[in-house]
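Number of protein chains: 2
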Amino acid sequence: MDAQSAPAGRVKPVGRGAKVCAAVLAATLDELAEVGYANLTVEAVAQRAGVHKTTVYRRWKDRETLVVDALTEHVAADLPIPDTGDVASDLRELARLLVTHLTVTHLGVAATMFSDAGRLPEIADVRRRFFADRFRRAAPLVTRAVERGQLPEGTDPALLLKSLIAPIYLRLLVTCEPLDDATADHAAAITLAAARAGVFRAHDAHGQSETH
Amino acid sequence: MDAQSAPAGRVKPVGRGAKVCAAVLAATLDELAEVGYANLTVEAVAQRAGVHKTTVYRRWKDRETLVVDALTEHVAADLPIPDTGDVASDLRELARLLVTHLTVTHLGVAATMFSDAGRLPEIADVRRRFFADRFRRAAPLVTRAVERGQLPEGTDPALLLKSLIAPIYLRLLVTCEPLDDATADHAAAITLAAARAGVFRAHDAHGQSETH
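Chains E and C, in that order, give the protein sequences.
The opening residue of the first sequence carries number 1 in UniProt numbering; numbering runs sequentially from there.
The opening residue of the second sequence carries number 1 in UniProt numbering; numbering runs sequentially from there.
Keep in mind that the hints were calculated from the coordinates and are not lab data.
Predicted, not measured: the structure shown is a model, and the values here were computed from it.
All C-beta atoms in this analysis are idealised placements derived from N, C-alpha and C, irrespective of residue type, glycine included.
Treat the hints with care, as some may be off.
[Claimed, not checked] Counterexamples of contact, computed for chain C against chain E with all Cβ distances above 12 Å:
1. L97
2. D125
3. I165
[Claimed, not checked] Pairwise CB distance ranges (calculated):
4. C:P80 <-> E:G198: 53 to 63 Å
5. C:R58 <-> E:T100: 47 to 57 Å
6. C:A18 <-> E:R58: 16 to 26 Å
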């Protein structure tokens with residue numbers, strides 16, 4: 001996704017307008033984190049951003065478009081891709097960054113992306129673009145490991161990366177267990193063992209290599 | 001969890017009352033599957049069950065307790081645990097049963113358990129009991145494999161089973177990709193490779209062996 005492109009049908013803000021816009025989007029993320037999508041109101045967002053409700057409605061026709069814009073901004077924020085020279089450290093580091101991202105930085109936002117709000121077609125689309133973008137950015141971690149001979153030829157980056165994040169999201173969204181560095185290291189160990197055994201080679205994947 | 005025990009504070013139904021109760025709980029699951037928790041109304045549940053709204057309110061004080069009871073009933077429904085004599089087939093079969101369970105049988109119910117409704121403490125509790133129960137029931141699949149020498153001594157059943165289900169829930173809840181037998185087989189292959197490499201031995205797990 002191009003972080004520079006404004007959503008269709010809305011004018012890209014500049015100057016004072018841009019500051020108001022940024023404040024409203026940040027307030028929306030904060031509200032999402034605090035009360036969740038179901039309880040989010042435009043009034044509370046406006047109050048938090050220090051603007052009048054009508055200022056919000058002038059730019060966003062409803063709560064849904066506001067939330068979609070806020071999540072799109074969030075998606076544009078990047079995570080660094082580790083490059084330590086060793087695939088085991090790289091995977092542990094990447095998994096630890098995800099854990100930190102989900103727990104410290106954006107817990108409520110993550111909860112929103114995977115809550116009832118995820119049923120909105122626009123938010124499901126934000127989510128798909130998010131992961132396609134993440135996997136594309138992180139792919140060099142895998143291809144470099146293959147080039148160094150640390151992983152089998154033909155290892156599919158997206159398959160491997162999904163395996164890496166799966167145990168982390170399981171604890172966050174399904175079993176409701178805490179996330180910590182041990183969670184990340186365990187996820188990295190599972191994925192590395194499977195990768196070395198050739199489980200993520202594209203031709204072994206039986207059509208699982210599409211990103212969505 | 002004991003499927004025989006009635007929720008505290010409610011009388012266990014018998015006779016005609018039991019039939020009405022079962023019809024209402026089934027209607028609640030169907031409504032959850034169709035419209036989701038956010039849009040579920042007691043009125044629609046009553047209509048679907050063929051009873052008057054007041055009949056529902058006589059047994060359940062509100063929408064929340066009704067949903068909790070319906071999900072608890074759902075949890076009591078069991079999945080068979082494969083026992084083919086080979087751990088690879090057992091894991092594939094168990095993963096395929098989960099895929100079928102999530103996609104064909106109870107897609108909407110799964111969506112509810114992991115949606116905004118999951119923020120209700122009662123539903124989060126139902127979820128924790130569900131997984132503790134599932135892992136306990138499926139543990140013999142792992143211990144039998146260890147006894148047969150197909151997996152390393154000390155393999156932790158809950159750790160292994162979480163790894164097995166993680167890629168399936170990732171596709172269901174996070175990346176929004178379709179679930180099929182290939183999804184299940186891929187999850188089984190990842191888990192088997194990691195298990196053989198000793199990743200799920202309890203002493204290697206750095207405190208990840210608690211169930212919640």
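Using the C-beta atoms of C:P80 and E:G198, is the stated range 53 to 63 Å upheld?
violated (31 Å)
Does the no-contact call for C:I165 survive, Cβ to all of chain E over 12 Å?
violated (7 Å)
State, for the Cβ atoms of C:A18 and E:R58, whether the hinted interval 16 to 26 Å holds or is violated.
violated (57 Å)
Over 12 Å from every CB of chain E: does C:D125 meet that, or does the non-interface label fail?
violated (9 Å)
Starting from the hint 47 to 57 Å, judge whether the C-beta atoms of C:R58 and E:T100 obey it.
holds (49 Å)
According to the definition I'm using, a residue is off the interface if its beta carbon is farther than 12 Å from all beta carbons of the partner; does C:L97 meet that for chain E?
holds (17 Å)
Comparing the model with each numbered hint stated earlier shows that hints 2, 3, 4, 6 do not hold.
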